[in-house]
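Below are the chains, spelled out letter by letter.
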Amino acid sequence: MLLFATQTYGQTQHQINTSLGVGQTALRDQSMSPLAYVGYGLACGLSYQRQTDSKTKFFQLSFSNLGISNSSGNSCSFTSFAFKNYSLYTIPKELNYHLALGWSNNNFLNYYQNHKYGNFSERSNYFTTFGFAALLAKRFTLLNRGFIVEIPTDIQLLGFYLRPSYVSNSPEGYLNPENSGFEGWYRSIEAFLPHHSWNLSINPRISFFFKSGNSVSLAYQYEFLRINNPEPISQSNGFWHVSISTLL
Amino acid sequence: MKRIFILALMAIVISGCAKQFLADDPESNPLSNFEHLWHELNNKYSYFEYKSIDWNEIYSTYRPMVYEGMSDKELFDVMASMLYELNDGHVNITSPFDRSRNWNWFLDYPANFNENIIYRNYLGSDYKITGPLHNQIIDEALYVYYSSFGSSISEANIDELIDRAQGLNGIIIDIRSNGGGSSNNAVALASALTDQDFDYGYSRVKNGPGKDNFSPWRKLSISPRSGSRFTGQVVLLCNRSSYSSSNLFAQMMKSLPNAMLVGDNTGGGGGIPAYGELPNGWIFRFSATQTINPQGEHIENGVPVDISIELSPVDEANSIDTILEAALSILKSDK
Numbered sequence: 121m122l123l124f125a126t127q128t129y130g131q132t133q134h135q136i137n138t139s140l141g142v143g144q145t146a147l148r149d150q151s152m153s154p155l156a157y158v159g160y161g162l163a164c165g166l167s168y169q170r171q172t173d174s175k176t177k178f179f180q181l182s183f184s185n186l187g188i189s190n191s192s193g194n195s196c197s198f199t200s201f202a203f204k205n206y207s208l209y210t211i212p213k214e215l216n217y218h219l220a221l222g223w224s225n226n227n228f229l230n231y232y233q234n235h236k237y238g239n240f241s242e243r244s245n246y247f248t249t250f251g252f253a254a255l256l257a258k259r260f261t262l263l264n265r266g267f268i269v270e271i272p273t274d275i276q277l278l279g280f281y282l283r284p285s286y287v288s289n290s291p292e293g294y295l296n297p298e299n300s301g302f303e304g305w306y307r308s309i310e311a312f313l314p315h316h317s318w319n320l321s322i323n324p325r326i327s328f329f330f331k332s333g334n335s336v337s338l339a340y341q342y343e344f345l346r347i348n349n350p351e352p353i354s355q356s357n358g359f360w361h362v363s364i365s366t367l368l
Numbered sequence: 203m204k205r206i207f208i209l210a211l212m213a214i215v216i217s218g219c220a221k222q223f224l225a226d227d228p229e230s231n232p233l234s235n236f237e238h239l240w241h242e243l244n245n246k247y248s249y250f251e252y253k254s255i256d257w258n259e260i261y262s263t264y265r266p267m268v269y270e271g272m273s274d275k276e277l278f279d280v281m282a283s284m285l286y287e288l289n290d291g292h293v294n295i296t297s298p299f300d301r302s303r304n305w306n307w308f309l310d311y312p313a314n315f316n317e318n319i320i321y322r323n324y325l326g327s328d329y330k331i332t333g334p335l336h337n338q339i340i341d342e343a344l345y346v347y348y349s350s351f352g353s354s355i356s357e358a359n360i361d362e363l364i365d366r367a368q369g370l371n372g373i374i375i376d377i378r379s380n381g382g383g384s385s386n387n388a389v390a391l392a393s394a395l396t397d398q399d400f401d402y403g404y405s406r407v408k409n410g411p412g413k414d415n416f417s418p419w420r421k422l423s424i425s426p427r428s429g430s431r432f433t434g435q436v437v438l439l440c441n442r443s444s445y446s447s448s449n450l451f452a453q454m455m456k457s458l459p460n461a462m463l464v465g466d467n468t469g470g471g472g473g474i475p476a477y478g479e480l481p482n483g484w485i486f487r488f489s490a491t492q493t494i495n496p497q498g499e500h501i502e503n504g505v506p507v508d509i510s511i512e513l514s515p516v517d518e519a520n521s522i523d524t525i526l527e528a529a530l531s532i533l534k535s536d537k
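Protein sequence lines correspond, in order, to chains C and B.
Quick note: to get the numbering used here, add 120 to the position in the first sequence (first position is 1).
Quick note: to get the numbering used here, add 202 to the position in the second sequence (first position is 1).
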């Protein structure tokens with residue numbers, strides 16, 4: 121996210137950003153195992169940003185794929201897809217120190233398969249959530265070059281999720297053969313509520329700007345998720361990304 | 203600027219430490235592992251009521267055998283003995299040094315099968331190896347030996363098999379001592395033996411920790427495959443070692459009007475097994491579903507054959523398979 125990258129002065133700016141990263145995921149799904157599965161892998165992302173003086177809209181698609189294993193050496197393959205968007209409203213303060221507040225929406229799908237399990241080896245979870253978002257940005261100059269440090273963060277508060285039923289990967293609503301596709305979905309979703317479920321992320325990054333307004337960035341994306349019911353799932357991801365942003 | 207650098211430094215410090223934000227793995231000692239296993243089975247095993255098993259009583263029997271400082275092998279033996287009480291071939295625990303089992307479903311019964319006789323006296327030297335389906339034309343019938351549902355059958359395998367069976371008296375499918383595998387192979391084979399949809403039972407999945415927490419029953423059906431099919435007489439040969447997916451396939455054939463089961467009742471295994479893991483990393487397996495036939499009877503303890511025949515020791519000594527000979531006679535007489 122390259123907010124406040126350049127001065128807009130009433131004009132609308134469009135940016136596209138591609139990123140590639142490496143990092144770590146740690147997962148504990150109590151319905152699968154009491155042990156944490158941890159591993160390193162690759163991630164990539166594609167995002168679009170539309171920015172005016174007072175408002176920034178940001179949309180990001182991301183994907184990661186890893187092999188994760190536990191302390192006993194049992195392993196899983198792990199794949200994650202996410203679509204996140206931010207709507208941020210600038211709080212004027214000073215030229216090169218910005219604070220923006222707004223809301224965010226996070227949608228993501230995790231799929232993992234335990235290599236040691238025969239049947240019912242797959243698990244998948246889907247979440248759609250809404251919450252607050254904030255961004256702090258600071259410009260600075262180093263060796264006569266312009267840099268910006270940004271720290272966007274969000275915390276998801278309300279939404280819904282689908283998760284596997286008690287022992288099978290099918291969500292509960294789809295275990296009843298009388299339920300249609302939509303009814304199965306409706307009967308499967310559960311509320312994502314504060315104190316019951318948590319999802320938060322922080323994404324500090326430093327960007328270097330070229331004269332063209334394009335930039336290259338180094339970012340660390342951290343995300344934490346927890347669902348407490350019925351069998352808790354905890355997930356913690358941290359990925360280093362290198363990204364390139366282009367003005368459209 | 204200083205604050206920015208502090209935040210950047212924090213980012214670097216937390217990177218690579220994603221696991222640190224999760225709670226530690228649970229303590230692994232004999233008692234915690236035993237308790238985890240007992241509770242997981244207590245909440246998820248699907249046949250307590252059907253088998254009239256008092257799992258709490260089993261806990262009170264085996265819990266006193268667990269103590270701090272016991273070796274892994276001693277703990278394994280206690281767990282294996284506890285799981286043995288479930289009398290279920292789908293239940294076991296796997297450690298790096300052993301896998302427990304309860305094989306009474308076939309060890310308590312006659313074998314009724316001798317693979318050597320099949321290969322030497324019936325399949326001979328020129329049988330076809332159509333994927334995992336070893337087949338030979340014997341007395342105007344196509345004999346098919348399928349040793350494991352774990353070996354995948356392709357559509358091309360089935361096309362070839364059906365093509366070979368055309369014009370013959372029937373197909374004899376031998377799943378004796380086939381311990382199961384993927385039910386997809388069972389469905390694929392059954393779908394080549396019918397011209398119309400048929401139901402062969404119902405299944406339901408455990409969906410909560412209560413003993414009666416199950417999903418609604420889901421109908422199990424077979425639809426004819428789109429490729430070539432054989433709708434003549436089918437004889438299925440079974441024994442007590444026909445288990446799990448073989449048991450399910452036997453139930454499919456039991457529900458097929460043009461099929462007949464010959465030999466000994468199957469060994470059972472009506473629940474699809476699910477898996478779990480202990481704090482020490484050992485993997486355990488247990489039945490997590492139930493399957494019943496269209497009449498509402500469980501097939502956990504096997505599917506009864508239509509014609510019960512045992513492998514005669516005298517025949518066996520003379521390299522004759524009594525059960526296969528009976529199947530050949532049935533197809534000849536039905537011609």
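Derived by calculation from the structure, the hints in this document are not laboratory data.
For glycine and all other residues, C-beta sits at the position ideal for the given N, C-alpha and C.
Treat the hints with care, as some may be off.
Derived lysine-lysine pairs resembling BS3-like cross-links, with alpha carbons at most 30 Å apart [said to hold, decoys possible]:
1. 246/B / 421/B
2. 331/C / 177/C
3. 275/B / 331/C
4. 330/B / 236/C
5. 534/B / 236/C
6. 331/C / 175/C
7. 236/C / 246/B
Reference excerpt, derived from the structure (chain B facing chain C, CB under 7 Å, subset only) [said to hold, decoys possible]:
8. 310
9. 311
10. 312
(Q) Check the hint pairing residue 331/C with residue 177/C against an upper bound of 30 Å on the C-alpha distance. (A) OK: residue 331/C and residue 177/C at ~24 Å, within 30 Å.
Q: Using 7 Å as the Cβ threshold, decide whether residue 311/B counts as touching chain C.
A: 25 Å, violated
Q. For the hint on residue 312/B, does the least C-beta distance to chain C fall short of 7 Å?
A. 29 Å, violated
Q. Within a Cα-Cα threshold of 30 Å, do residue 331/C and residue 175/C meet the stated pairing?
A. 24 Å, holds
Q) For the pair supplied as a hint, residue 275/B and residue 331/C, is the alpha-carbon distance within the 30 Å limit? A) 69 Å, violated
Q) Going straight from one Cα to the other, do residue 236/C and residue 246/B come out at no more than 30 Å? A) Within the cut-off at roughly 18 Å; holds.
Q. Would the pair residue 330/B and residue 236/C pass a check requiring their Cα atoms to be no farther apart than 30 Å?
A. Since the Cα atoms of residue 330/B and residue 236/C sit roughly 34 Å apart, the hinted pair is violated (cutoff 30 Å).
**Q.** Hint check, residue 310/B versus chain C [nearest Cβ-Cβ separation less than 7 Å]
**A.** With a closest approach of 25 Å, the residue 310/B hint is violated.
Q) Is residue 534/B within 30 Å of residue 236/C, Cα to Cα? A) 47 Å, violated
Q.
Run the distance test for residue 246/B versus residue 421/B: straight-line Cα separation, threshold 30 Å.
A. Given pair residue 246/B, residue 421/B holds - Cα atoms ~22 Å apart, limit 30 Å.
Of the numbered hints given earlier, the model fails hints 3, 4, 5, 8, 9, 10; all others are met.
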